[in-house]
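Undergrad: Each chain, letter by letter, is given below.
Protein chains: 2
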Amino acid sequence: MLKKKNSYVVAVAGATGAVGREMVAILDERKFPVAELVPLASERSEGERIDFDGKKWTVKRLTKESFSGVDIALFSAGASRSLEFAPAAVEAGTVVIDNSSAYRMDPEVPLVVPEVNPHALARHKGIIANPNCSTIGMIVALKPIHDAATIKRVVVTTFQSVSGTGKKAVDELARQTTALFSFKEIEKDVYPHQIAFNCLPHIDVFLDNGYTKEEMKMVNETKKMMEDDSIRVTATAVRVPVFRCHSESLNIETEKKLSADETRALLAAAPGVIVYDDPGKNLYPLAIDVAGKDETYVGRIREDESIENGINLWLVSDNLRKGAALNAVQIAERLIA
Amino acid sequence: MLKKKNSYVVAVAGATGAVGREMVAILDERKFPVAELVPLASERSEGERIDFDGKKWTVKRLTKESFSGVDIALFSAGASRSLEFAPAAVEAGTVVIDNSSAYRMDPEVPLVVPEVNPHALARHKGIIANPNCSTIGMIVALKPIHDAATIKRVVVTTFQSVSGTGKKAVDELARQTTALFSFKEIEKDVYPHQIAFNCLPHIDVFLDNGYTKEEMKMVNETKKMMEDDSIRVTATAVRVPVFRCHSESLNIETEKKLSADETRALLAAAPGVIVYDDPGKNLYPLAIDVAGKDETYVGRIREDESIENGINLWLVSDNLRKGAALNAVQIAERLIA
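Protein sequence lines, in the order shown, are assigned to chains A and B.
Taking my numbering, I'd label the letters of the first sequence as residues 1042 to 1378.
Taking my numbering, I'd label the letters of the second sequence as residues 1042 to 1378.
Careful, some of the hints might be misleading.
The list cannot tell twin chains apart, which means a pair is met if one copy fits it or any two copies do.
[As the list claims (entries may be wrong)] In silico EDC-like cross-links for lysine to aspartate or glutamate, where the CA-CA straight-line distance does not exceed 16 Å: (1) K1193 - E1349; (2) K1297 - E1346; (3) K1322 - D1245; (4) K1166 - E1132.
Calculated directly from the structure, the hints in this document are not laboratory data.
Just chain A, with the same shape it has in the complex (with noise of 0.2 Å):
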């Protein structure tokens, strides 16, 4: 597997997007041990330049001989990229940490948050799964839960930004809602629907039990991650005219009672989680405060008195960041540590 080094040759795919931006930013910002950056891109971004620990890097066009000489490969472009070039990436002995939804329902491929199940990494077989942006974002917050109190059902409702999408969305965003101040059609490119000003209760495709994949990968990832087929998920999955941070509005039945101030105690000793939870000073966690941040806000705690054991909150984390970036480059973290 990975052999321990003072420093590492790092290729992110699809070092031109969104989730891969972050990633190169993410990688500097925590000080990584890169020997060198190997970014990779679709032939159309070959040849742009990305600034890394202070110097120029050339985007490379992503093959399946990119990946000679490279020890972590982070892929965040696309399922079928991932489904094409990560097995020769694997090949030439490099380990993937794979942003795409591709391989994380593989039972070869751990999926990781490393707050909630570092030990799955060291069964890896060349591929690690990071898990899908609204997951993350409510699973640190519920690990802490199920292991006071066993969570039984959770029913969670999203409110997820553009940015969730990609660049083009929210570019999307920003056109229609100026088109719409200057009496101008708006245009639709990347949604069905116009999104400034709405909301699209609509993410990823339809599957045939009516749900979307986006609502059943909070379904079946947590399950896989908490490694507990008992705990039962249902999801609605929103999008809304928000450029950056997934909401989401959580109701959580456990086992076990847990007061809102019991909840509160738990979620604040927990990794990855900070609670920002005082609605008297009008305080609770918001898109806007927590773009850029690094853990899950929780607030809006609340017993919910409809049944015997269950709690209400409210979540926001950085969908490019935890999310997505961040977390696949604490993954890499782990594995040389």
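Fit chain B to the supplied structure of chain A, relying on the hints for placement.
TA: For chain B alone, kept in the frame of chain A given last:
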């Protein structure tokens, strides 16, 4: 009570506000038999002119003496004005339909959605309360499900538009949006935090139990109108950067099993509900489409696999029309029927 006539003197208290204007427009649109319109407002709006039935009507100042000869008064001037002026109106022989929260939970006052509990109107003593906008939108869809399968519990998360707060909030969202696109500082007058490109889990004031008043309205008003305290509801109410219409994500647990198809059929046959549910064609209710519509639009209807008898759905209703002005006018129509 109300004497049968060919046409009625109708006062609108708060006639220049967002809901008041909608009330006047809906009286006109539905050809309510108005002999005379009496638009009332605070001193500030005195003398303004309101269009109705092809004529201009001058806004008068709301006082305790405003109601002599008035048959029906639609109030939408805030709870404190309702408490101050509604008793004087009743004393003058006027039937008051109050859109504020002032009398909703008063056991002497019927709280009515005509599609849900029209029989409650019979026992009014001069005041009839119009429910909260987020409750009205939801309860027209819950009623047929409760009748067919007995609802045990509802977990609801709302996506509420700024028009629910009033005209000033609509202006604030517009102003903040343009300021952000002009790289100017945003101003916050109505909400404690930026609403543009953000979601605020805070509607109305916070109570001691950690819930907002808005959330508890959904719990308590639902029980009162269903005349069934065994229906358990837990709510998270969220303000989103949308101008008009409230969207809601509902998780509903029933005594009797309902399939998604059975739920669709029930809702399609229910008064005040339109099923708009064809995800394969990207058809689901959207705030921008439901604006100006009378019905609650329901889509994303699917079985909740996390419990024995559960349904998830997404609904959208126009908070100014059915959520406020239309429901009040429909109550008036029932009174004169």
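Undergrad: Against each hint, give a clear statement of whether it holds in the structure.
TA: Cross-check of the supplied hints:
1. K1193 - E1349: The answer is both: 12 Å in one copy and 13 Å across copies each meet 16 Å.
2. K1297 - E1346: within (15 Å within a copy, 22 Å between copies)
3. K1322 - D1245: Classified as between; 14 Å across copies, 37 Å inside a copy.
4. K1166 - E1132: within (11 Å within a copy, 81 Å between copies)
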